[in-house]
Amino acid sequence: MIRRGLPLLGPACVAGYLLTAVLAPLLIPAGRLDPVRATGPPLTPPSYRFPLGTDSAGRSVLELTLCGSRWSLLIGVTATVLAVGLGAAIALASGHFGGPGGAVLDRVVEWFVILPQLPFAVALGGVLAPGALPVLLAIAVTSWAGVARVVRAAVLAVEAEPYLERVRALGAGHVHQLRHHVLPAVRPVVLATASLTLANAVLTETTLSFLGLGDPTRVSWGSVLHDAAVTGAVTAGAWWCLLPPGLALIVLVLGFEASARLIGSIPDGRVR
Amino acid sequence: MTAADLRLQDLSVTYRGARGPVPAVRSVTLAIAAGAPVGLAGESGSGKSTIAHAVLRLLPPGTELTGQILLDGEDVVTMGWGRLRAVRWAGAAIVFQGALHALNPIRRVVDQVAEPVLIHSAGTTHRQARDRAAEMLSRVGLPAGTSARYPHQLSGGQRQLALIAMAMVCSPRFVIADEPTSAVDTVTRARVVRLLTATAAEQDIGLLLISHDLTLLTTACTRLAVMYAGRVIEHGPTADLASAPRHPYTAALLAAAPAVGDPAARYRPRGLPGDPPDPTALPPGCAFQPRCPRATAACATTDVELRADGPARRTACLHPGPAT
Chain X
1 MIRRGLPLLG PACVAGYLLT AVLAPLLIPA GRLDPVRATG PPLTPPSYRF PLGTDSAGRS
61 VLELTLCGSR WSLLIGVTAT VLAVGLGAAI ALASGHFGGP GGAVLDRVVE WFVILPQLPF
121 AVALGGVLAP GALPVLLAIA VTSWAGVARV VRAAVLAVEA EPYLERVRAL GAGHVHQLRH
181 HVLPAVRPVV LATASLTLAN AVLTETTLSF LGLGDPTRVS WGSVLHDAAV TGAVTAGAWW
241 CLLPPGLALI VLVLGFEASA RLIGSIPDGR VR
Chain W
1 MTAADLRLQD LSVTYRGARG PVPAVRSVTL AIAAGAPVGL AGESGSGKST IAHAVLRLLP
61 PGTELTGQIL LDGEDVVTMG WGRLRAVRWA GAAIVFQGAL HALNPIRRVV DQVAEPVLIH
121 SAGTTHRQAR DRAAEMLSRV GLPAGTSARY PHQLSGGQRQ LALIAMAMVC SPRFVIADEP
181 TSAVDTVTRA RVVRLLTATA AEQDIGLLLI SHDLTLLTTA CTRLAVMYAG RVIEHGPTAD
241 LASAPRHPYT AALLAAAPAV GDPAARYRPR GLPGDPPDPT ALPPGCAFQP RCPRATAACA
301 TTDVELRADG PARRTACLHP GPAT
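As they're listed, the protein sequences go chains X and W.
In case it helps, this note's numbering puts the first sequence at residues 1 to 272.
In case it helps, this note's numbering puts the second sequence at residues 1 to 324.
Since the hints were made in silico from the structure, they are not lab data.
Note that the structure is predicted; figures quoted are calculated from it, not measured.
One or more hints might be untrue.
[As the list claims (entries may be wrong)] Pulled from the structure, derived: some chain X residues nowhere near chain W, Cβ distances all over 12 angstroms:
hint	residue
1	L19
2	R32
3	P35
4	W111
5	F120
6	E161
7	Y163
8	G171
[Unchecked claim] Short derived list, chain W residues pointing at chain X, Cβ under 7 angstroms:
hint	residue
9	L56
10	L58
11	G82
12	R85
13	R88
14	I106
15	E115
Backbone N, C-alpha and C fix where the C-beta goes; we use that ideal spot for every residue, glycine too.
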């Protein structure tokens, strides 16, 4: 459906979010989202002045949602870079070199695959000072193993290709084999996995912030939802405090998923 | 520069199978010198490709390799890892079978032909390597436009020519062509073989041509060796071996090739009964004895070695003689 209808909808959606995140500070004056200096009355429904209403501190929910994308994306992207980098490196090592070392790496990966994300993040939040670090670590540590497994399967498929035997016969070292043959062949898989990991990372960041495990000084979608829950916006029936960040999150995650699917479905033009 | 020479001394290769060792090559002795291409023939599974891979030590880990592989006097079997990598391609190169699979589908042909240059000549820039590769590609007769293409845009014959260019690009001392023609049509086949022998003669490269097609080898090689069940069973000058085979297996291989335009050949019984033996369970005595028309009781008890049979020939048979 996504492929046939609007193939670029996913990437366009992701690009829109990135643009918003970059431009938000230019559109919204600094300090407007400080609860102390908020200008509006608390919990007003959507109006001309506040298109998406205000929260219990009198801040514009529209501005909160726009600004919230910054932190959610930043944490998500950083965690994904860590997870995909580590996962792909481990996968290349275990898939290319194999042997007893590879078997040990595979067991380590399996151990991390079954690590439950939420309890681990809560435990980490309890040990480390609240802030960006425990969130980042929790997402990266629980995501890299999944990336490693998928990429390893792709590496093994490439390793069995006769052209790698040919390259070994040429006298090529491991660096040459990996850089010129294995890595380019698994790159589409890595990219598609990265897009899915990114979706999951943003979702997890929101979850953790909603649970109050995020950085309390930053505005993110999770923290907006958290504030709404603890300050009584939910019980007051202020739906406008919940829907905008929630929908923004859903659309972004769907955008990532569609992008991953698009990357996975692009037939490499150079291969028959 | 002295003439290149490659000598296999009593070479045995034993693969580690799931159910015990698999002797794929059993004490083969063979010498190849520049200017005199040697052909290696035999059925599938007779150990031809294993020899090709053994020369560059491309065998799977755990494989047992005994004897000597002397490349210009230097033993490949005992070579250190670094020296081995240097020797691969610069000393001896392989033309692989299955040209489509030996090329990476997502890289341009010229870049792949340039790879050995980059690996073996330190300090070569990408541009220099690519120029050298393009020059080699045009030398093997590929049209100028093909070098910038991807493997799937070339025909099977063109891909095979590209692999020959790749084998020659580092000016190796030796080229081993492992069934270079199995994936190409008959017309291209002759062209590929002619190109290989011509380039080898021109650059003073030693050439070992491996094929199951004995007729093809007779057109290109000065000496022929026929393998059966991991052993060379007959070895001699091409003309003698092709016109007067001494080993019954060689005779059967030659008879298996149809002669176009010879109506009598159509009615002559040919082919061999039975299948090549399982290398893990070789028959007692001569490995060919169960399929041999000349087998006697003695054949089942004597494992006959390759021995002198006439001035320039060697045969591993108790009853060598002209084909019956």
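### Query
When the hints from earlier in the document are held up against this structure, which numbers fail?
6, 7, 8 and 11
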